[in-house]
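Residue numbers (this note's numbering), protein chains in the order written: chain A, 410 to 550; chain B, 410 to 550.
One thing to keep in mind: the hints can contain errors.
Identical copies carry no separate label here, and so any pair may be met within one copy or between two of them.
[Said to hold, decoys possible] Below are the SDA-like pairs computed for lysine to any residue, each with C-alpha atoms no more than 25 Å apart in a straight line:
hint	residue 1	residue 2
1	LYS529	ALA458
2	LYS545	ALA426
3	LYS522	ASP442
4	LYS430	MET463
5	LYS522	GLU503
6	LYS545	ASP442
7	LYS522	SER501
8	LYS430	VAL478
9	LYS430	ASP540
10	LYS522	GLY507
11	LYS430	HIS541
12	LYS545	ARG523
Hints are computed from structural coordinates only; laboratory data are not their basis.
What follows is the residue order along each chain.
2 protein chains.
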Amino acid sequence: MHPNDPVTAALAGYRAAVLAKDVDAFCALYDPDIHVFDMWGRWQHQGLAAWRDMASGWFGSVGDERVVVEFSEVHSSVSGDLAFGHAFVRFSAEAADGTELRSLNNRLTLVLKRQAEGWKIAHEHTSAPIDHASCKAMLQR
Amino acid sequence: MHPNDPVTAALAGYRAAVLAKDVDAFCALYDPDIHVFDMWGRWQHQGLAAWRDMASGWFGSVGDERVVVEFSEVHSSVSGDLAFGHAFVRFSAEAADGTELRSLNNRLTLVLKRQAEGWKIAHEHTSAPIDHASCKAMLQR
């Protein structure tokens with residue numbers, strides 16, 4: 410994947426913003442009309458103000474830990490003013506001394522639109538598969 | 410949404426193929442290289458042969474019931490040879506006499522690519538949100 414690929418660039422920006430707990434940098438990755446099917450607790454988030462609230466709450470809850478994001482099996486396609494990608498994601502929480510405290514995996518789909526100011530994430534879908542018998546999320550791949 | 414929109418057409422084809430339990434009609438909607446993050450039990454499905462196995466197993470398990478699929482809050486965008494859409498989905502099981510037996514909701518993202526033979530679904534992501542406290546899927550919206 411070329412480093413100028415819009416999906417690769419968005420994933421790198423996501424990783425950096427989460428590591429830095431930087432709400433502004435995080436929100437700069439997204440279209441004002443962002444639509445998200447997020448893995449946790451709500452059926453959807455619509456618009457950047459709602460998504461900023463999610464990020465503020467998330468980053469504010471991290472305390473002096475850090476959240477390290479790793480992507481694998483990244484796929485990307487671009488045509489015209491649309492790009493899409495999918496990947497597996499691993500989130501790990503690190504203590505201030507770098508010790509890994511816990512981790513989980515999920516699945517990510519991104520759709521980006523090319524705007525005047527560059528590529529922005531217009532739609533994001535994260536999930537974990539559901540075990541049919543227990544109806545519980547499978548959080549370790 | 411225009412009825413010739415590729416996302417709208419794919420959703421209509423999906424609904425019809427599931428109602429008819431028609432594996433060939435279902436598979437005709439998909440790209441040979443289809444990649445799916447499906448809601449149930451597995452981290453991913455890759456390629457139409459694997460996806461056909463899923464459909465055969467699903468349709469074969471339905472017996473003399475029917476599965477009725479309804480989409481709501483459908484969004485669609487097209488640029489170049491890529492299209493994407495997202496929607497809420499309601500699956501209901503009907504007895505042979507038309508009585509609704511049970512239902513569940515989920516969330517769907519589709520990415521389509523324009524091929525020589527028309528638009529085909531290249532990536533599909535379905536999920537339900539996960540309740541943070543119980544780690545259980547929320548199956549009713």
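Notebook entry, point to check: Which earlier hints turn out false for this structure, listed by number in ascending order?
Noted result: 2, 5, 6, 7, 10 and 12
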